[in-house]
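Novice: In the order they appear, the protein sequences are chains D and A.
When we follow full-length UniProt numbering, the leftmost residue of the first sequence carries the number 1, and every step to the right adds one.
When we follow full-length UniProt numbering, the leftmost residue of the second sequence carries the number 1, and every step to the right adds one.
No lab work stands behind these hints: they were computed from the structure.
Check each hint, because a few of them may be wrong.
Per label pair, the in silico range of CB-to-CB distance [to be verified]:
hint : chain 1 : residue 1 : chain 2 : residue 2 : range
1    : D       : K275      : A       : P254      : 39 to 49 Å
2    : D       : K165      : A       : V169      : 52 to 62 Å
3    : D       : K165      : A       : L333      : 42 to 52 Å
4    : A       : P464      : D       : D44       : 30 to 40 Å
From the structure, some residues in chain A lie toward chain D, with a derived Cβ separation under 7 Å [stated by the list, open to error]:
hint : residue
5    : L125
6    : A228
7    : N549
8    : E842
Under 10 Å between C-beta atoms, here's a sample of chain A residues computed to sit facing chain D [to be verified]:
hint : residue
9    : I352
10   : E556
11   : T558
12   : E874
Here a beta-carbon is modelled for each residue, glycine too, at the ideal position from N, C-alpha and C.
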Amino acid sequence: MPRLLRAAGLVMVPVLLLAGCNSSTTKKDTPSNPNSPGAPASKDPIKIGGVVSITTPSGYSKKDTDLGAKARFMMANDEGGVNGRKIDYIGSEDDNQDPAKTTTAVRKLVQQDKVFAIVPVNTTTISGSAGFLKDNKTPYIGWGTVPAFCDQEYGMGYNGCLVPKAGHNVNTSWPGLLSDILGGGKGKSVALITQDTDAGKFGLATYQAAFPAGGFTVAYGKSTVPGTTVPTDWSPWVNDIMSSNGGKAPDVVVSIMQTPANIGLFKALKLAGFKGILTDATDYDPALLKQAASKEALQDVQVFVQNMPFESTAPEMAKFKEYISKAKGEPVTEWNQSMMVGWNSADLFVAIAKKAGENLTVDTYQAAAANFQDTYALVGDRKFPDGRNNSFGCGAMVQLKGESYNIISPYKCYPSVPFK
Amino acid sequence: MSELLVFVISGLVTGAIYALLASGLVLAYSASGVLNFAHGATAFLSALFFYEVNQGLDVPPVPAALLTVFVFAPGLGWLLDRIMFRKLAKLGETPQIVATIGLLVALPALGQWIVVLLRDAGVDLAPPDNQYGLPGVGPNPPVQWEIRHGVGIDSNQLITWIVTAVVAVALWILMRHTPLGLRLRASVDSRTLTELRGVSADRLSGIAWMLSAGLAGAVGVLAAPLLALSSVDYTLILFVSAAAAVLGRFKSVPIAFGGGLLLGVVQNLVAGYAPSWTDRITGFRTAVPFALLFVGLLVLSRSKRSAGTAAVDAPPPDYLAGMSPLRRWAPWLAAGLFLAVSLYTWTTPFWIGLIAQGLAASLVFLSFTVVTGLGGMVSLAQATFVTASALTAGLLMSHGVSFFLALCAGTLAAALLGMVVALPALRLSGRMLALATLALAFLGDQVLFQMRWLRNGDVGWEIPRPVVGPVDLNDDRALALALLIIVALVIVLIRNLENSASGRAMLAVRSAPPAAMASGVSVLRTKLALFAISAGIAGFGGVFWASFNTRITATEFTAMNGLIWLAIVVAAGIRRPQFAVVAGLTFALFPHIMEDYVTDSPYVPVILFGLAGLALAGNPEGWVVQMAEGLHALRGRVTGRGKASAVPPQVPEPRVEAGPVVALAPHADEPQDGAEAAADASDLLLRLRGIRAGYAGVEVLHGVDLEVRSGSILALLGANGAGKSTTCAVAAGLLAPTSGIVELAGERGEFRDITRLSAVRRSRDGVLLAPEGRGIFPSLTIDENLSMWLRSAAERDRVYERFPNLAARRKVVAGSLSGGEQQQLTVAPLLVRPPRVLVADEPSLGLAPLVVEEIFRFVVELRELGVALLLVEEKASEILTVADTVAFMSVGRVSWCGPRSEVDEDRLTAAYLGIAGSAASDAGHSEVAR
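The shape of chain A in the complex, shown without the other chains (with noise of 0.2 Å):
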């Protein structure tokens, strides 16, 4: 028992570690929706900034701990928030995925490379290599105490449990009982809300990546002692921590950092009391968080979308849609005849290896083609479907089978081993499923790897290249020739299997698979083979890639090399196999080109690998296509010029309006409204006037003009679809519109464009948008929401006297009210403190009649607090009963406005059914508009 006792109290401090890096993970996800990869990499530079501070600078360890935590650490979160993580997060998950994994490599080798700069330079730095037992911030070396006979702890161990106990209560009381940890809470549940309450998304993740920054800085100077400067050790454990962060579903810090603190518990108790058989199992402990990670997500994670896929990215615009096949591949083929005829002519038998080796990897590559690119699920695993076919093929090749027969045998044990992995991705998706399978590639690499049978320890099999009459792939410009040729018809093959109806099942199942099942496709069907496609692929390329060394040993393909392939993949884009070739080549010629012509520092191409991940944020189409759409629009410039409009552009441009010209058209002919307008301007407020706006290139608002007054209720009607929510959205700031102008009202009544002004800024000026369906927060408790917009406890207490159903519950999760009860909450705080101008978006949707009178006398008593209002609804009825002023909306403009008194039944009816004012053209838009 007592053994018990001092495995769980000696597991703590591990669990410590564990626990500070998991918050850190569930903060900065929670508060930005980017999972960072590369969380330990930070840890890891904290760790080397301390030493060199401490050791190189001579700074005392009090000091020099400081300064990591709470300056170093904070200053690198903002600034990856400012350059990074801000874009990603409004990126899809792959980008967010990949680019975090192309800083994982990137940020030790850059920290690394600055410390080497400035030793050259002559600053007095500590070399960071070989170093361990280094000092933390207690005494050094560490003073221990025994606690009982025969266990004891140091003063390094007693510092980490005082400050990850710290850090605990300094977290809660922060999210608990600060106004900052509020609005993060709140940003967590709804980021579009919390905006339109006046307050910075972007701001409150900023300070949600420096606080994050800060605990991995936290670990790093903690971890120091323990891990040295490893920076691959900071990644793992990572990993390891991130079993806790799915415990609390990425979504709880406190359940999170108890997670931590268990797990490691829990590793202690295993590794003391682990029957003995699992002795026989080589890997089973170095194994259990890696599976502890996997089971976790697979019994915590739910998804909201339909499992495996990624978010639905919009394929960038294709410039060449309208060429013949020949044209669109023409310059591939010639860069592949090119290749081709450089082999046999002026490369030198280093390049031409390395040309071997590099469209070796593109084979590999290919894979991610597919499952990503094609599939939109990304894989962490692709390295140990590799090491699985070569090390299958490598063991019946002993046994004197065949090359050919053995490449199937490998292929074929990849891809059963692709559908294993497979299996999460029934249940999971995007960064989940990442997560997913790269537990599965450590469990891979620690124990499937390590049996003796599979790898022949570390000799590894023989993988002789094949010989077919007269082709001998001895020779490396044979096998890189032969390379190219596969290479080509495994991209014939994928693009068949793209065009095929497997392929359309594939790209039905990832953008809607609820839909795909409607439409008869299976889910599990397509997913299974996607994953089994790709992991044959990556085995086939496997085997090849292999025979270039004509060796396979296990440790050849690592699951981290698998994270840097895909960096690499998706840095030079995804969606066609054509970009895994270049990508392959750039990963094998890259580096040697640097080494020749810029630096032979190896930090720098590793550097450049993992930042060309970075550079996603920028384009997450990746590099190749971004040098496509340079080179487009530089032929655009030149052939505009030169042959004006005499070709007619065979090629959708990118729906960019021609802004300006419609945009100021209205004003142009409409000086007397202007004049009319000026009459009565004293009450109106909020003035859209042109308005062009709609989604992902199809436009929904075709020119809407509304003015909404003070003290005065306008309604706005339209069926389903005519684009009511879309003008609330540019009202409040949400949607930015191609074309056309919103005004705003000041004090004084002039009027200011507020177009470019975010919904954060609009709400600081008095715009507020209540959006669709319920305006709360619901993880937040009653007291909480109503903060968000009334600071003060005095004007929630005018609230609580209104109101004494929410004052009885003010400490409820608002969630758990009922629909009207929620709505009410929306409402009670705007009365207290009225918005300058109100847009609510079908308050009363879902509402029981009783509370849609409520809701509407709310309305009026805000019209008489002087409020501007602008209220869309889709039912008339009611709303009709309170409006002044009613606006028809029928497919993208405004087909009547004027006052309530006007409005019969005619005009309702041609109002709904879209008769009145709108051409006919215009009916096929009303699909896609909302």
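Bound conformation, chain D alone (with noise of 0.2 Å):
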């Protein structure tokens, strides 16, 4: 032991002495930071990146989100820029989706590339670094998916946070969409399901509080499908749900699931017998048709969609096939939700920016963004701060019929309810 506390001794005494020279650099890089509250104004372009799991484990990939970015900030560019300013979009990282590579990701667009604003970001593990963010004061909006865009001054998501909090708010566009399409919720009966993970039985809990909200009785709501790999067979769940309702089925069985849990549950279910309606909130993908297993089992399902579906004819709609068509450099006729979170969230940045007026530096755009009003038809009406800790609760209902998706509930917001 005494060696070791001679060894310890030993080294403590350079501990010390850099640690007197450290305190004096602490700072000394913040000059030179882009972001800093002093930097003036120029017109030199702004320099923004995002963060996308292009690549993943699981074989889902984002990397639409940074076309849909792209052609926003090429629209942007074509109108002329920010008040004069050009938008110079460096592309996107590849964060793999891994926490570690989301960091590094991260540091590299902030203190490499020096970016202004890190958008967008669509990945779920951009948590690791809000703190980041935050202490090197750069702006980031992506789709609020996780708590990194909830209640975080720089940090936002393009509909809102999407997390809702216990004494905050939960949207009912969800029951209300479908209430709509019933004609009223009253006496009609749903069944949940999620993951039985603590995310999975988070979710259920908020919908548990909305969907009740929207007159429905939930008369099954469980947590209980594996959260590692999906089912292969699903009679254990099938079983359960078709007798859920006093033994009978529900009226409406709610996915809270992705895409592959979703397939394998509704093929069961219809193969079962269930005649009421399907939903989830995933399954709003082109691509999901050019596979007939997948469009079989998705067919006559019901898909919630938070943002202004694809089949609007709503002139922002046209401006956002178009410019996709445009970034691509080839004509587009698949359109995904990918596209749509870096297209929105793209077009939030500029909006804010434009805000913010001709000296945009991040405390002017961090002013504007404070207290941020306006409607986007794609997204609805977007209100901050209130979307800091809110999901602006807007969506649409579609319904997979054939080889095409239709619109039968138009893209609508709905008020929100409290969330114990």
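Assemble the dimeric complex from its two separately framed chains, guided by the hints.
Specialist: And the structure:
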């Protein structure tokens, strides 16, 4: 032990010595930071980069988020930039959906590329970087499905914060849309099913609060589907659900799970003779129509969409489609949710930056973001600071019929109810 | 009841996939001894191949499936066996586990990268991402049938059942009713003995790997509609099906197969019938297969060696052994100083951040040095300790506890958890222990870290960096420097631990637990301590790693991360703590160096990390040691040329004898011997000349000369440890001599050098070894044992005519025979098809006198048949009645050789007491010789 202590003592000497000089270097690189409050306004392009899970071990890629953002920034530049300043979008880093890689991707953008903001952010592993982004005064915008977009000074979800917290509100757009379709939710029963994880249970709790607000009775609400691999056999859940409504099947089955699980569950439910409404929130993807099996499994399924559906004839949608093709450099006829995330994140950035005025600095941007309200057709009513804790609560319902999705309930915003 | 039936029937679909995976895993493991963690990755690659051939290249599904199962997957298996598994089979368990884990990481990335490259090159492949509802072999979309109200199956499920049934039957026929199956089972029983019977175990293991990969290919094709192209899912279902393999104790393919089916059913029953209170335990249902795996391992796994420790791997030569501590550590100190100076000079903030991250990772990686490097146990649960510790610290800090108290509490929590994970180590060892820790790691991810009070949802906990007086670690630079110093301290601690009494106890427990116990070391306490210390270090590092991000969420460090870490650390080198730091920095910096200077493909660093584990097949000590060795060799060459012999070598050279000189010496000065030999060369069959050989650098034979003649018995006598068995091993080709030659007379009497021929080739040339103990395959029946040497039924019938007692029990498993009968079974086939040379190592060992008499009657009979016999015996009395020539061995030399008639009591005494001819200085070697 004494030898150890001696060694420890020897090592501590340089610690103390170096500790003395470290404090002087702490703030040294701050002035060169473009995001520092004092940085003068310039006419240089605004440098933007994104972080997206382009490759993942599960084979799910959000790579078109990059294309969506590229298209929106291209449109902004075509329209003369943001208050005369062009946007230099340097593309999105691939974080592999690995938290350690997300951290380095964010650091690379901030420290090496010195971006003004990180847009779009479409990864579930951004939480570990929120502190760093705050310390470095770097705004970021993405899809608010994780807490890093909620109640953060620099982070915003393009359609608000989608992770309600106890004491805040939970939106009723999904039950509201269903209720519109059914002509009222009164007397209708729903089965809610999620995965057997903490996140699954949390999601279940939010919808258990939201659906009764739409008049529905929750006949079944369980987080019992294994969270790692998708079950290859769904009979235990199907049996359970088919008799959950007092021995009968419920009117609506709401799956709060990902595509592979939905395909399996819906197929099994249909085979078991389920005749009610099947609905989920992830399967609005024209690419799914390419495979005969998924097309068949998702036939007639009603999908809750948080953005304006691609089938919409709104002029904003036409612009979106035009610029996606332009950015891709070839005609695109198949659009997906990832493109929307990229596009809408970029759009929110452009809107806030425009509001910030001629003298765009992080401070003016933040001031503009702090109290930002407008309406954008593809997202609905954008309200901040409310959006820092709540979803905007807008959505549409589409249904897969044959070879295409049809809008069965148009894009609309719904009120929120308290979440205990 | 009908509901139960539905669960059972539909559970069999999942079970079928498990069954196919488990049987492939067991098949390859039992034939080669390598447990392939990458088996699921092979299945994924097959699924990817099938998908691209079918969807991308528009080949119809059935030909595409056949191409995958019968060409692509077996080809992959064959390739992997050639470049990797074959070499791994000869190494310790740690490199085996790690190399296949590396493969698990590298293979999917490699497949995806190749698809990207091919698409870039203009090949019309289909995009592999975001694909769901993939077509299987059958109709697309699948046809569905309702089997009873509300329950149906589709064509894909039906095909899965049919294929599984066909595979089961085919496997059974292959293993039970073909010569190949017989040899495979024989090599599972005893690899060495199989080789001694002239069957190449390498070729067998190659075939086993092809079969195993073919089964994985079938899984890929069948599971593609269910799992799509999610590489992680294929690996996860592999780990689940490992539970089925455990049921078959990794030996029995049929049990593993049945276990897989059962597992699918059990999983369904739990999902359907688990009581409602289990709903409150988040992750309960997800965790079922892993809980089964863990319990199965604990209950069913029995290891031959004492639990916990891996195979004894000899440490590499320490080139710096003679140097002063200062010189030894100088390069590392210099590297540390360079890093410290770099932080304050030329590095950019981004790279400083990376260095800090790398050093935090190094702290965690140091925990591997303790549990695996020092303790010889592979733990795949290190990421669990990191998460547990960081979450604990975060939870406490959210209640206002200071960083340092939280750090201590986190470290303590990790250490306690480490002791829980250590419990299986008290029963399990090597790969089984690794699997058990992996199961626990998954249980941690799926159950423990799903508890909301601990994980705080997806938000996690904030871990602000500490500020101590003037030292503000919020600056990355200060954090990196502080971490550098902490890493140095932990290295000092680990080195001190290694050199302390506890460290010696750990080494003792690692290499010989019974001996350690005999010396008063508590194996239990030592193993618990190893795991606790290692987990504590991982937890300690984990808090710092989390503080780098200033936040910890429960999904930050997963069990899968732990696998990659292990591959990276072991690839760099596991024995010394410094190497873990190299690994940590590589982990953080390498991908960005690659990105900046080589390629921005995200696949390439992953592939390289994985392949680094694969490189272990070449050097199990890791690449840092390999580089050091290369440097040492280079320096040796330079100084050797420059200073000649001015400086005596302080460092023991790896023991490679100056081969040619010594080997040729006896030839040079014995031409007249040669002439003499030529006189009666007609009956001389096997000749050993100047043989030097030994184990792990310790020479046992110091120049042995022996001649064995046809139709004559040479008895090799000597005390325990004289080197008799080693001589047998050299004669049979099991051990390559460091110098000297082994010659075999051809049909026309000409001598051929067979020194470099393997045991397999020698056996085919007629040189057969009956090894010490019983030369039989205990799990094979009598008939199967005979057919390993006698291929035709007619020949076996002759044995049965001669030995009616064997004939009556031909379907009985040989392991259940008495010792005498087993020895009969060893010799019987040789009487029917005599070899040219028979080397028998203590055939009378442990047998009753009457049986010994019978054995010697057979020996004499073999002599009558013209066989050249080399008989090794410790007890001289019986053998002297039959021997023609007698050779005495003493401390690695033949001290006397002559006709039996000249053997008298004095000579015997002299030989056994080791006085005759041997130099006293060699006495030391006799301890290790056998």
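Novice: Does each hint hold? Answer for all of them.
Specialist: Here is what the structure says about each hint:
Remark: the range hint 39 to 49 Å for K275/D to P254/A is upheld by a beta-carbon distance near 44 Å. Checked against the hint of 52 to 62 Å, the C-beta distance between K165/D and V169/A comes to roughly 58 Å, which is consistent with it. Between K165/D and L333/A, the C-beta spacing of about 51 Å keeps the proposed range 42 to 52 Å intact. A C-beta distance of roughly 35 Å is found between P464/A and D44/D, which places it inside the suggested range of 30 to 40 Å.
Among the interface hints, the one on L125/A is violated; its C-beta lies about 14 Å from the nearest C-beta in chain D, farther than the 7 Å criterion. About 6 Å separates the beta-carbon of A228/A from the nearest beta-carbon of chain D, less than 7 Å, and the hint is met. A cut of 7 Å between beta carbons decides the hint on N549/A: the least distance to chain D is about 4 Å, and the hint holds. Hint on E842/A is violated. Least Cβ distance to chain D is approximately 51 Å, over the 7 Å limit.
At about 9 Å, the closest approach between the beta carbon of I352/A and any beta carbon in chain D falls short of 10 Å, and the interface hint on this residue holds. For E556/A, the interface hint holds, since its Cβ comes within 10 Å of a Cβ in chain D; the closest pair sits about 5 Å apart. The beta carbon of T558/A is positioned within 10 Å of a beta carbon in chain D (closest approach about 9 Å), and the interface hint is therefore held. The beta carbon of E874/A is not positioned within 10 Å of any beta carbon in chain D (closest approach about 50 Å), and the interface hint is therefore violated.
Consistency with the previously given hints fails for numbers 5, 8 and 12, ordered from lowest to highest.
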